[in-house]
Structures are given as C-alpha cells and as structure tokens.
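Undergrad: From first to last, the protein sequence lines stand for chains V and P.
Numbering-wise (my numbering), the first sequence opens with residue 1 and increments by one.
Numbering-wise (my numbering), the second sequence opens with residue 1 and increments by one.
Since the hints were made in silico from the structure, they are not lab data.
Bear in mind the structure is a predicted one, so any value in this text is a computation, not a measurement.
All clues given are correct.
35 Å max Cα-Cα, derived DSBU-like pairs, lysine-lysine:
1) P:K103 to V:K103
2) P:K27 to V:K211
3) V:K171 to P:K204
Here's a subset of chain P near chain V, in silico, CB distances under 8 Å, partners left out:
4) L110
5) D150
6) C151
7) L154
8) A180
9) P182
10) V187
11) G198
12) Y203
13) V205
14) I212
15) I215
Examples of chain V residues lying across from chain P (beta carbon under 10 Å, computed):
16) L110
17) D150
18) A184
19) V188
20) I210
All residues carry an ideal CB built from backbone N, CA and C; glycine is no exception.
Number of protein chains: 2
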Amino acid sequence: MSTIAVLGGTGHEGSGLALRWAHAGHKVIIGSRTAEKAQVAADEINTQLGSNHASGADNISAATAADIVVLTVPYSAHTSTISNVKEACQGKIFVDVTVPLGKPVSKVQLPAAGSASQEAQNLLGAGVKVVTAFQNIGAEHLKDPTHAMDCDVLVCGDDKESKAAVIQLAKDAGMVAYDAGPLANAVVPEGLTSILIGLNIRYKVKGSGIKITGI
Amino acid sequence: MSTIAVLGGTGHEGSGLALRWAHAGHKVIIGSRTAEKAQVAADEINTQLGSNHASGADNISAATAADIVVLTVPYSAHTSTISNVKEACQGKIFVDVTVPLGKPVSKVQLPAAGSASQEAQNLLGAGVKVVTAFQNIGAEHLKDPTHAMDCDVLVCGDDKESKAAVIQLAKDAGMVAYDAGPLANAVVPEGLTSILIGLNIRYKVKGSGIKITGI
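I would like the entire structure built from these sequences, with the hints used as guidance.
TA: Structure follows, in structure tokens:
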C-alpha cells in the first residue's frame, strides 16, 4: 500500500480518486492551499468509509509525506502548484491529471510544450517521474466506490515501472488502465477530454467516456 | 447516394472503405497515381460484390468526378496528393483519413500545423470543407462488409452539414460515428492511432480500437 498525496484533492475529481484509493486501503493525504480545507475533505472521506485512511495537509506537506503525488488542480493553477511542490516531488512518481482546458472547453487547446504533462515534466526536471492518467474520468460516479466506471484510463509516461504503478492505482480505484506509450502521447488523453465534454453537450448526456476494444 | 472518390484507394484502408461504400450503393471512384492500378482495385471490389458501383481513375480525374473526396494516402504523400487535386476539390467535402505517423509509429508526432487535417485545410483553402474521420479504423476487417466494426469514428470539422454527411457515410460503412467538434480537435483521432498501434504491440493484439461510452 502506498502513501498518496492528492494535490487539489478538495475538488470533485481529486476527492473522488482519493476516496477510491482510501477505500482500497491506501493512505491518502489530501493536499490543498490551506491544511484546514484539506482536513475537511479528508474527514468527509473517513466518515463515508468509516475508516481513517485519509488526512489533510497543505500541498507541500502532503507532497513531502507521500510516495506518489497526484495533481488534480484546474489548469490555471497548474504551473504555480507544481513550482510550489517541486522540491518535495524529487525522486517520486508524479501523476498529472490536469487537462489544459481553454474557451470553449469543447475545443482542444494544447499548450506550447505539447501537453500539460510535458509542461509538468519540464518544470519538475528529470528527477521526477511524470505519468499522466485519469484525465477522461468524469468525477460524477467516483464518490460511489462500488460504481463500475464506464471509462478506461490511458496511462502515458517515459518510465515503465512508474506507469505500472499507476496502472495498479487505476485498478485499485476500480478502473481498467492501459500503457498508452511515452509522455509525448499525453496530448491524446488531454485533448480527448475536450472532445468528451463536447459530446456531453451535443448528445445531451452527462458522462461520455471511452473504452478500449480488441484487447 | 453520393459519388465518392477514394484517393489512394488501392491501399488496404482506402479499398476497404470503398468496398463498404459500394456495398451500401454509393458510386465509388478509386483514385491512384495511375488509372490502371486504380481500375484493378475497382475491378476487385466489383467482383467481390457482384456489382458495378466501383470504377478507377487517376487522382485528379477521380476528384473531379466526385461529390465527396476521401484521402487515404500515407502521410509521406499527403502534401503532394493534396496539391495535385486542390482545384478539383473546390466546393466539395474533403475527408482526410491521413495519420501523421513518424518513427517510432507508436509515438504521437503531430505536424507543426497541429494536425494533418489542418495542413490539408491550409493547403486546400477555405473553399473546401475539410472533415477528418476513420483514422482509428483498422483495415483488417473492412473487406468483409458484414463484419461489425468494434471501433467508433470521431468526426471533426468546422462545417456542421459536412460533418453530418460524413457521419452518414460512416453509418453506411457499418460504423458508429460521432460529431467530435471542430477541425482543431483532429489532433486527438490522429494521435490516437499511434496509441492504438502501441497497444497492439504492447498487448500483442491486432486491432485495438475505441468505443464511446455513455451516449
């Protein structure tokens, strides 16, 4: 079992993932700009699960105490949060869930570096193993850990072992995940979220997703 | 029923799509650099289907005679083929199936314009309605028109009516297709092909694909 920091873990996506990992028996530290807000989110998880696997801390303390750091902030806070926790992440697996949404959110708009995950790798440096995952998972059903997610997880990264660890984390959260190649491939899952948001709007549904076929 | 030119239609992907459209009753013109090669591919389709919906021509003649032009050439021939048929495509729907594969093919490598389809739009000019589709459809089962394809089609483009026409073409070919937003979103289906090729290699399968869920 790992100690997982979920930075931005007070949001829907982060708290949903944190809940599923706590449910699977991992130690989860919710990170937020203020430790108090993080503790409230952790208390909610512990209450729902009737356990004490979740705790709350400021982002730096959470990243420092963790083996694996997961980032689930809006894109507008991506660079600042990463700069803030850079030192605390050295030598660790860093899972970037960020989607670089612009306006309109249904139009793919990738940053100059290629992807948000590539920006993260550039900011964190070669000492951090950046892996990208979970961008296409809607937050809606995460809070019910018994709900089978109807969306697969594409895992991209340049370090095979780190990807294997994240594929296992996805499995622990009740999802099917695939090794989707190098970090350069992150443009696809990041961009896909804009397409899925567009499908939700155009086809009047709440949570479109993708499943990999033929495997 | 439409008259559809399939440029590069002697290849596996193009001839497979052409066969399915001929099977649905469309008039199909296989385009190739030489009319003779194109006619051979058309004859094979007519023989398999026991009909005469397919004919062959050089790329310019095929594009000139068609309502809808479909491009299924390798990326190395993308720019030259488009430059060649530019005039013949004015005012028409141009369906770009091209995937900008580099080495290694399992690594997403998008052109400077963003996507091959955006390059096509830039080359063809505003008088041509570029729509992008079918990049993720493996050629393997196309030649059996009764085989249900286990992969959905993401259709991107800036003209709503043209997209609706291409979604119908996908349906005619036995596939489920979705309006996946503006042409800018083509980075995702184009890049996804590299990810699917990587999944085929890593998971030792022949034809991985995607299905949209939740709609």
